[in-house]
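There are 2 protein chains.
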Amino acid sequence: MFFEVTARADAARRGRINTPHGAVETPVFMPVGTQASVKGVPQEVLEELGAQILLGNTYHLYLRPGVETVRRLGGLHRFMSWRRALLTDSGGFQVWSLSQMRKLSEEGIEFRSHLDGSLHSFTPESATAAQIALGADIIMAFDECTEYPADRARARKSMELTVRWAERCKKRLQESMVDGRWSMGKAGALAHEVIGGDSTAIGHRPSTIDDSQALFGIVQGGMYPDLRKECAERLVELDLPGYAIGGLSVGEPRELTRDIVAATLQHLPAGKPRYLMGVGTPEEIVEYAALGVDMMDCVHPTRAARHGLLFTSEGKVNIKGARYAEDEGPLDPNCGCRVCARYSRAYLRHLFAASELLAQVLNTVHNLAYYLDTMGRVRHSIELGGFTSFLSGLRSRSLNSPAHTQREDPTKAPPGRKA
Amino acid sequence: MFFEVTARADAARRGRINTPHGAVETPVFMPVGTQASVKGVPQEVLEELGAQILLGNTYHLYLRPGVETVRRLGGLHRFMSWRRALLTDSGGFQVWSLSQMRKLSEEGIEFRSHLDGSLHSFTPESATAAQIALGADIIMAFDECTEYPADRARARKSMELTVRWAERCKKRLQESMVDGRWSMGKAGALAHEVIGGDSTAIGHRPSTIDDSQALFGIVQGGMYPDLRKECAERLVELDLPGYAIGGLSVGEPRELTRDIVAATLQHLPAGKPRYLMGVGTPEEIVEYAALGVDMMDCVHPTRAARHGLLFTSEGKVNIKGARYAEDEGPLDPNCGCRVCARYSRAYLRHLFAASELLAQVLNTVHNLAYYLDTMGRVRHSIELGGFTSFLSGLRSRSLNSPAHTQREDPTKAPPGRKA
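Going line by line, the protein sequences match chains A and B.
Heads up: the first sequence begins at 41 in this note's numbering, then just goes up one per residue.
Heads up: the second sequence begins at 41 in this note's numbering, then just goes up one per residue.
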């Protein structure tokens, strides 16, 4: 993996992450495909929408279909027929969210499957090995997500464990290489045949560490800026190819999220990608890009879509509303997605009211289009040097939009990392 | 509507139904879009699959979103953004299937909504008016489906009611025309502007009865060939543009279905389309085409898909089977659909096992492709005069396929008209 910054606008950066499965233009929003599928959307439609990189979850894939199954089938790219970049979350957050079903020690976490209650454990080593077998381009360190609220002593203890675990993840990744190549069976065997960053060959492993799976560290430290600083500095010493900010969107007020993001970013190296995990609303992802975040993911667009909450250039639309029953207009007149190009609000409202499967499919396609297009406009604005005016336009529209201010988000869960 | 037979192979016919929304090549399989949506499949994908005509249900659309709403929005074609042909079922069968919630009289049927228990009634006149407002190219007479088993007296009484109701439907349709044009508000207003059978304009009404909505009669008569004959002859006297065979797939043995179909077909006019309602399996739709049926519909491919039962050229595949967990092959090596072109059996099995929404979407797309391609091959075989060898090949494959004979259909409901 190689990262380059190509333009700046104040703190915001326009960049490119070159992965073994193609370039990812940043800032980037990454749709969440927890179980090797972005819920309801075929991969060919994700390509059409311009998705550059998808997220998978090690915890879910470990339980089903199983890491060894994916490895034998040539890795996650090949398994799900996705030729572009992939990132896997380590499973740390997912196991943490099981709360009643886990037991933490220095060694790792014992947990019970949410599917059948069976007993399992993840260690930094096993979570890393699982991600090596899955073969995503970017893999995440196994961390302990600090709960909110947490006092300083608890946050420090948790942060220090996360740092020690990151070291063990890095060590495990290094051990998996033999002569600069991955040693991982079938998928690894392809490494000797296919070299190059933009190949569409699936399951290939590149020949040098710079081109191979990139391990990102995750900064924890609760809501304490000095602990965040210390965590960042200690992880930077590990010289990892990228860094994430974790432990946010866990119930804290949004202003606090923003403060901690800003406080943490300044301690992360400018030359490496910065990934803010599990955010946010369309307004938030623009704000975080303005702060200098390069990568974001969130279940919000896909989950909200399934609940009928749609994002448009004119504000939020709760499509189940009776006001749309005879609205012949497109969902978003400024959107070029296949949904807005063909279907009316009245039809989308009917599909949702009638609990038709197609409602979930079309709603998800549009919301992803909105998020991906938003980030595309952010990238364009940074390139043209107009990001400041883009931001202020967005803020005033967001404040003035009646559609935005008069409606409640019908989804029960707040935006966040996928549990 | 204009029907022409272009080729024959024994009893089988190759034909073309020219509707105000384009030609329908027959024999044709019509995917079921009960609530103005084929479950989980966007209209652009149905186009790609080659669907020529979809089915909608008056009962469901009457309850939700309401017939007046669809009419105000320009008719069903425009509402659901489907430019090709549409057929609506009259609601007779759906109301009949409510069993405990209906009351029958000479006038019509009182029923309670399955959604909220509210009281409604359909008469031949109101069901026809509803279908005029929906604006489908082919509309169905309001019939009484005879239950199975039914003794001869009961079947006769029911059949005679169906004939009287068909007369009333025809009368109601004729009354809706003013100077040879529909009088139906907004959608009707377009009739004066757009003329022509292949227009992509939506909601248009043609200028003559031959080009306008075609009312099909439905032959009832239970499992009594002589009553079927009498019903057919009395409906033929009404000189309707097409005839359907109803009251089958209601629990009777499959051989009996076939016998009644064959016994009825011989009394229907050769120059008009013959529609067998609510069948069947892939093998059955070929058999019925061989008997001379021109149109068929069934929820089987879409419902079975949602239960993980997939039809392939190598037999049935129950995709949840563990045997497919590491099967890298396509679902059907002889299928060119977007699912078979991209995804493995292992991935489809994972999606289904993990209850992913995408499983239902992809499975449905493939099963529809299989049905539509099967009917495409039937048409081609009739044209080339090789339908007999096509049929015998199909029968031997069907008998020899281990995939077919070793597995049970996991769907609980038998193939049938959508209730």
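Simulated from the structure, these hints should not be mistaken for lab results.
If you're wondering where the values come from, they're calculated on a predicted model, not measured in any experiment.
It is possible that part of the hints are untrue.
Stated by the list, open to error - From the structure, some residues in chain B lie toward chain A, with a derived Cβ separation under 7 Å:
id : residue
1  : LEU103
2  : PRO105
3  : ARG112
4  : LEU113
5  : PHE119
6  : LEU278
7  : LYS360
8  : ALA386
9  : LEU391
10 : ASP413
11 : GLY416
To be verified - List of simulated lysine-lysine pairs, BS3-like, C-alpha gap at most 30 Å:
id : chain 1 : residue 1 : chain 2 : residue 2
12 : B       : LYS269    : B       : LYS79
13 : A       : LYS211    : A       : LYS143
14 : B       : LYS360    : B       : LYS269
15 : B       : LYS79     : A       : LYS79
16 : A       : LYS360    : B       : LYS360
17 : B       : LYS360    : A       : LYS79
Every residue gets a Cβ at the ideal spot worked out from N, C-alpha and C, and that includes glycine.
Hints, one by one, checked against the model:
1. LEU103: violated, 9 Å
2. PRO105: holds, 5 Å
3. ARG112: holds, 6 Å
4. LEU113: holds, 6 Å
5. PHE119: holds, 6 Å
6. LEU278: With a minimum Cβ separation of about 34 Å from chain A (threshold 7 Å), the hint on LEU278 (chain B) is violated.
7. LYS360: The hint is violated - LYS360 (chain B) has no Cβ within 7 Å of chain A, the shortest such distance being about 12 Å.
8. ALA386: Given a least distance of 6 Å, the restraint on ALA386 (chain B) holds.
9. LEU391: Hint on LEU391 (chain B): holds, closest Cβ of chain A at ~6 Å, below 7 Å.
10. ASP413: Violated, about 19 Å.
11. GLY416: Not OK, violated: GLY416 (chain B) not within 7 Å of chain A, min 23 Å.
12. B:LYS269 x B:LYS79: violated, 36 Å
13. A:LYS211 x A:LYS143: holds, 24 Å
14. B:LYS360 x B:LYS269: violated, 45 Å
15. B:LYS79 x A:LYS79: Since the Cα atoms of LYS79 (chain B) and LYS79 (chain A) sit roughly 16 Å apart, the hinted pair holds (cutoff 30 Å).
16. A:LYS360 x B:LYS360: Cα-Cα ~34 Å, so violated.
17. B:LYS360 x A:LYS79: holds, 19 Å
Going through the hint list in order, the structure does not satisfy hints 1, 6, 7, 10, 11, 12, 14, 16.
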